[in-house]
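Undergrad: Just so you know, we're using my numbering here: the sequence shown kicks off at 1 and counts up by one.
The set of hints was computed from the structure by calculation and includes no laboratory data.
Careful, some of the hints might be misleading.
With a straight-line Cα cutoff of 25 Å, these simulated SDA-like cross-link-like pairs (lysine to any residue) come out [said to hold, decoys possible]:
1. 100 with 70
2. 69 with 93
3. 69 with 89
4. 100 with 67
5. 100 with 54
6. 100 with 18
7. 69 with 47
8. 69 with 54
9. 69 with 43
10. 100 with 51
11. 100 with 86
12. 100 with 55
13. 69 with 55
14. 100 with 53
15. 100 with 40
16. 69 with 58
17. 69 with 86
18. 69 with 29
19. 100 with 48
20. 100 with 90
21. 100 with 89
22. 100 with 32
23. 100 with 68
24. 69 with 34
25. 100 with 87
26. 100 with 52
27. 69 with 92
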Amino acid sequence: MSGVKRYQFKGAAGEYVYARDFDEATRFFLDAAERCIAAERREAALQLRLNNTDQRLDTATSLIDRLIKNIEAEIDFHEDIEPNDRENDQIMDEMRDFMKIAADLSLTDEGDKAANHVGALNEMVAAKHQGEPEYVSRGYPRGESFYRNKDAD
Numbered sequence: 001m002s003g004v005k006r007y008q009f010k011g012a013a014g015e016y017v018y019a020r021d022f023d024e025a026t027r028f029f030l031d032a033a034e035r036c037i038a039a040e041r042r043e044a045a046l047q048l049r050l051n052n053t054d055q056r057l058d059t060a061t062s063l064i065d066r067l068i069k070n071i072e073a074e075i076d077f078h079e080d081i082e083p084n085d086r087e088n089d090q091i092m093d094e095m096r097d098f099m100k101i102a103a104d105l106s107l108t109d110e111g112d113k114a115a116n117h118v119g120a121l122n123e124m125v126a127a128k129h130q131g132e133p134e135y136v137s138r139g140y141p142r143g144e145s146f147y148r149n150k151d152a153d
């Protein structure tokens, strides 16, 4: 009986496919699908990081622009009007707050920096997909295969 071969299905062209070949092809396909899901997650995380960086750049540019305009107004009209110290102080406080946030984001160790960014981005992506079924939002649980090998049981 050991010489009996097991067949999975008869193909469209009339050929027979061995079950182990079918299982192996299925495993390759599902592994590729897992890699695609991971790549999509990385892409979403990078896009989110790009958007946050762009927003910080816009904030910094607007703060500097406001400060320059305020200083130019004082230079042009310094004889006629009093300096607007309150506006300057407000802008400087906002700039200090902005720089404090930027300093908190930068870490000295590059490995920790990368790990923190990846962890934070994964949390943001997970929060975005909250409420969706797990197989849609996050793929399959880490460490467990998408495809379970029946021969291993």
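Undergrad: Provide an ascending list of the numbers of those earlier hints which the structure does not satisfy.
TA: Hints 6, 7, 9, 15, 18, 22, 24 contradicted; others consistent.
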